[in-house]
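Taking the hints into account, I'd like the entire structure generated from these sequences.
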Amino acid sequence: MSALWAVIRRDLLLAMRRKSEVLTALFFFAIVSSLFPLGIGPEPDMLRKIAPGVLWVGALLAAMLSLNRLFAADHQDGTLEQMALSPTPLALLVSSKVLAHWLVSGLPLVLLAPVLGLQFDLSPRSLAVLMISLLLGTPLLSLIGAIGAALTLGIRGGGVLLSLLVLPLYVPALIFGAGAVEADISGLGAGGHLSLLAALTVLAGFFAPWAATAALRIALE
Amino acid sequence: MNWNSPAEFFAMGGYALYVWGSFGVTALCMIVEPLLARKRRCDAVNSLRREIAANKEDQ
Amino acid sequence: MNNRLINWFKFASPQSFYPLAGRLWPWFAALAAIFCLAGLWLGFFVAPTDAQQGEGYRIIFVHVAASWMSMFIYCVIAFWAAIGIVFNTRLSGMMTSALAPTGALFAFLSLWTGALWGKPMWGAWWVWDARLTSELILFFLYLGFIALTAAIDDPRRADRAGAILALVGVVNIPVIYFSVKWWNTLHQGASVSLTRAPSMAQTMLWGMLLMALAFWMYAIAIALYRVRVIILERERHTTWVADLPEIKA
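Protein chains in written order, with the working numbering: chain A, 14 to 234; chain B, 2 to 60; chain C, 3 to 251.
Mixed in with the good hints there might be a few duds.
Claimed, not checked - Each pair of labels, with its calculated beta carbon distance range:
(1) Ala-97(A) to Asp-59(B): 40 to 48 angstroms
(2) Thr-51(C) to Ile-63(A): 39 to 47 angstroms
(3) Thr-92(A) to Pro-35(B): 46 to 54 angstroms
(4) Thr-92(A) to Ala-152(C): 22 to 30 angstroms
(5) Arg-31(A) to Ser-18(C): 53 to 61 angstroms
(6) Phe-74(C) to Gly-91(A): 41 to 49 angstroms
No lab work stands behind these hints: they were computed from the structure.
Glycine is no exception: its CB is placed at the ideal position from the N, C-alpha and C atoms.
As structure tokens, then:
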């Protein structure tokens with residue numbers, strides 16, 4: 014248990030030392046979602062309609078920006094090999110790395126999203142649903158992304174490849190996440206979407222670290 | 002029999018573009034793919050032959 | 003029982019599979035041609051004109067067959083991927099990379115013929131129908147698989163990374179299909195009923211089945227042919243490859 018905690022603390026500490034990476038993803042999210050009203054027009058009705066999709070796609074791309082670095086630095090300096098040799102199962106260490114990644118790159122998006130939602134004239138209730146959907150959905154993005162990051166570890170042109178591998182797998186998260194906000198706006202209630210999203214996140218929490226570990230072992234050979 | 006004349010067959014009741022577009026592209030793909038596979042095999046065999054010939058000269 | 007197992011594993015080595023595949027593929031190619039001719043004859047000359055869709059419906063004979071095969075081939079890739087991970091056989095990785103281009107081709111054909119069917123029937127080249135959308139994502143999954151295995155230089159590593167991706171993909175496909183369907187029913191605007199009248203002529207069904215069989219045999223033939231090429235490429239430094247008649251001649 015202490016090993017897991019140590020991994021999380023170490024990753025958080027490293028992220029704090031290089032704040033620019035976290036901030037880049039946040040700025041990206043903010044800028045992308047501000048560009049849409051400029052491209053489409055400022056009618057509030059239209060903005061309310063596109064808000065869930067735009068904010069979710071923006072968050073999804075922003076979360077993907079930092080996936081590259083999930084294992085890359087540890088792979089380069091040999092930390093990952095030490096982890097593979099340590100008595101703690103690698104899958105658990107991978108889970109804590111994913112958790113740390115989510116704390117650094119997912120959670121800030123959740124906190125920033127309502128501010129950006131104001132640009133789209135969302136009601137306070139919808140903003141709350143947006144936050145909950147992102148809170149449930151961004152861990153799923155980190156978990157699936159970890160598989161992609163592990164598979165593309167140490168490959169030339171890995172960044173573009175990573176997005177090609179991961180984006181199709183993000184489709185359910187996007188549908189249920191954006192769908193929850195949309196259902197709330199249209200008055201249908203977001204409960205169904207949110208519980209499906211939570212179910213997917215729990216399932217991915219069990220299986221994704223395992224798949225990512227298998228992929229990491231291939232890269233480490 | 003559905004068709005009274007070849008012209009009628011090719012006209013496909015006004016859907017010629019769509020029907021022949023689908024069947025044509027499918028046929029094209031199924032001709033091109035084996036050709037590409039054949040070319041890949043020829044390349045592999047040729048490079049293997051060259052390699053073996055080069056090795057013989059070395060000896 | 004034990005004896006039979008040994009026989010199966012004998013063909014798991016590229017050396018013994020190479021001549022077997024060489025003997026088998028012409029037969030599958032011939033079967034594909036026969037089924038294709040029979041299916042086309044049934045589809046164009048026997049199946050009656052559809053009451054609602056006129057002659058345009060004849061596209062389903064390629065469209066449905068291509069869609070079925072694109073999904074089926076992904077499952078076969080996942081099967082070989084699982085075999086490769088469990089038994090660590092070299093041949094299974096070669097099978098996955100031999101099958102992937104054909105699967106991607108069928109996914110593309112399914113989208114292409116779907117668009118050509120959609121234009122006259124629904125008035126648009128593309129509608130965000132649940133099946134079409136899932137097929138598009140399946141196409142992306144194929145592209146991802148091919149790109150990943152192509153980007154890794156060491157073939158053994160490429161096989162195993164591809165195997166993990168294929169298994170992750172095959173687990174996700176039902177989830178993706180379900181989510182797209184859910185999304186589609188919520189957005190009523192684009193929903194299109196694909197269900198045909200129950201009186202779909204028996205001959206149409208037979209035509210579709212024959213075309214699907216033809217595509218299946220084609221896929222087996224081309225995969226066997228391609229796996230032979232892959233064996234030649236990867237086993238190039240072995241003596242048995244150098245002793246092959248087609249190399250020596």
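Handout entry: List of violated hint numbers, smallest to largest
Key = none
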